[in-house]
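Based on these hints, arrange chain B on the given structure of chain A.
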Amino acid sequence: MISPLELLEFPFGRMALAEVLLLAVGGGLAGAWIVVRRLAFFAHGTAGSAFPGLVAADAAGIAPLAGGLAAAAAYATGAGAADARDRERSDGPTALLLVAALALGAVLASDVARSGQGVESLLFGGLLGTSGAELGLAATAAVVALAGTLTLGPLWMASAFDPRGMRALGLPKGVADAALYATIALAVVAALPALGALLAGFVLMPAATLALVARRPGVLLFGSVALAAVEGVAGLLAAFWLDLPPGPVMASLGALAFMAAGLVAAPGRQK
Amino acid sequence: MIAVRARGLAAGYGGAPAIRAVNFAAGPGQGVAVLGPNGGGKTTLFRALMGELEPITGEIEIPAAAGRSRAGYLAQLDRTRLDLPVTATDVALMGALGRGRWWLPPRRDDREAARVALARVGLEQRESSLFGELSGGERQRTLLARALVQDASLLLLDEPYAGVDPASAETLDGLFAELRAEGRTLLVATHDVESARAFDAVLCLNGEQVAFGAPDRVLTREVIEKTYGSELMVLESGDGPVRAVAVQHHEH
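Residue numbers (the numbering used here), protein chains in the order written: chain A, 1 to 271; chain B, 272 to 523.
Hint data in this document are derived by calculation from the structure and do not stem from the laboratory. For clarity, every value in this text was computed on a predicted model and none was experimentally measured. Mixed in with the good hints there might be a few duds.
[Stated by the list, open to error] Coverage of chain B stretches by chain A, computed from C-beta distances (three or more under 8 Å per stretch; other residues unrestricted):
(1) 316-329
(2) 345-351
(3) 354-361
We put the CB at the ideal spot given by N, CA and C, even for glycine.
Bound conformation, chain A alone:
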């Protein structure tokens, strides 16, 4: 039987490894903020909304990622604005937009576009076919997430802790929230080539796991990066070894780690 490490002997394997490590930075940090700000649904919606953009762009002969990015940006802008206006009532429109986006993507893929890339890879990712442009997007998302965390992190945490108190504290809540939504949307879109529209929500899994045990913001934020890297690399190597698609294997590993952390998390922690 082949060794999982043999993957790294191939250029496509090394590209995939680099993609995983870059996504661990951007996705790990964004995931932590998704958990802190309770924006899991927003993140899933952003990934799902990219699907019709990916298909349409592919059919039009332009880079699918550009179409996905445009669709996700439009969705993130609308959903972010609705969320900022009325957090308690934004879930319904978010869900409807997500369903509509997936349905539109399916229609485009089956009846209009006849996608050359394959619906399966758009939905579930294709990490082993990572391109240079995709690496560039993942690196950009990592830099943006890191810069946002270091400069806007205190505002994002204060807003999560007491959203109505931001104005009284003299803090620019609107600007901070818009930057956070953009950072999350970029991280999710950067994960699309590797994980696909349905699995890009994996970016929040390491942070959700760490949130069960972390007692300091730094542990949650940078621990999420480390855990995302471990889960990503382990998932990639295991998928190669078992001849399975990497995205679902990574997501399954993340789910297992989450369940394990849930079992050992200190009881009585207030939620």
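Below, chain B alone, put in the same frame as chain A:
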């Protein structure tokens, strides 16, 4: 000298005004109790004073005090998150973010201000405790420490006694007296009609301003009944001052 003044103020959330015809003023060092029933407009008034709600009509005046921010706010406890990995010190430090350099790590004097504020509210031994693991009274005092770090001349305290144990309530009373002695103006939303007698003035709200003035002039049977309506549980009147107990609840 005026620390805060509202003239003909009406404010709300897009429909009919939640409060209207609000006229009051308070000077430096004064304490004003804001009384009213559930939905009477106490929190709406505070949100308007913070600038979170634009007045529909009327105006608000909060002159800047030298070296101090204008308004500090003590939120209701149920509006804060208990599941975040933030300590009492982290929360107190949030009060320093508004000084205009939030993109940089806290300075040494910010950390010192947070430490002093926590000591002032009696939480020097709990600085490193997670906010979610503090008692209700300790959380309330932590939020007060955050407001102290803001170093505001006007403090808006939204039901500071809600969910607070007697020891913490005593600490808060002492601290409020100190803050007034420092020249800070306190607006305290409360349901406790009796405690309102200890303030310099009382503002009664029930959708509109019912009364404003000195406690012995405002806290009459007629005003209290008009303010609380059916939420008034007990009303006793003998030869002495009116005694009343209003229903305890949280305003949303």
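Confirm or reject the coverage of the region 354-361 of chain B by chain A under the rule of 3 or more residues with a beta carbon closer than 8 Å to the chain's beta carbons. holds (count 6)
Please check whether the region 345-351 of chain B has three or more residues whose CB lies within less than 8 Å of a CB on chain A. It holds: at least three residues are needed, and the region 345-351 of chain B offers 3 whose Cβ sits within less than 8 Å of chain A.
At a Cβ distance under 8 Å, does chain A reach at least three residues of the region 316-329 of chain B? Answer holds; 4 residues pass the 8 Å Cβ test.
The earlier numbered hints are all upheld by this structure, with none contradicted.
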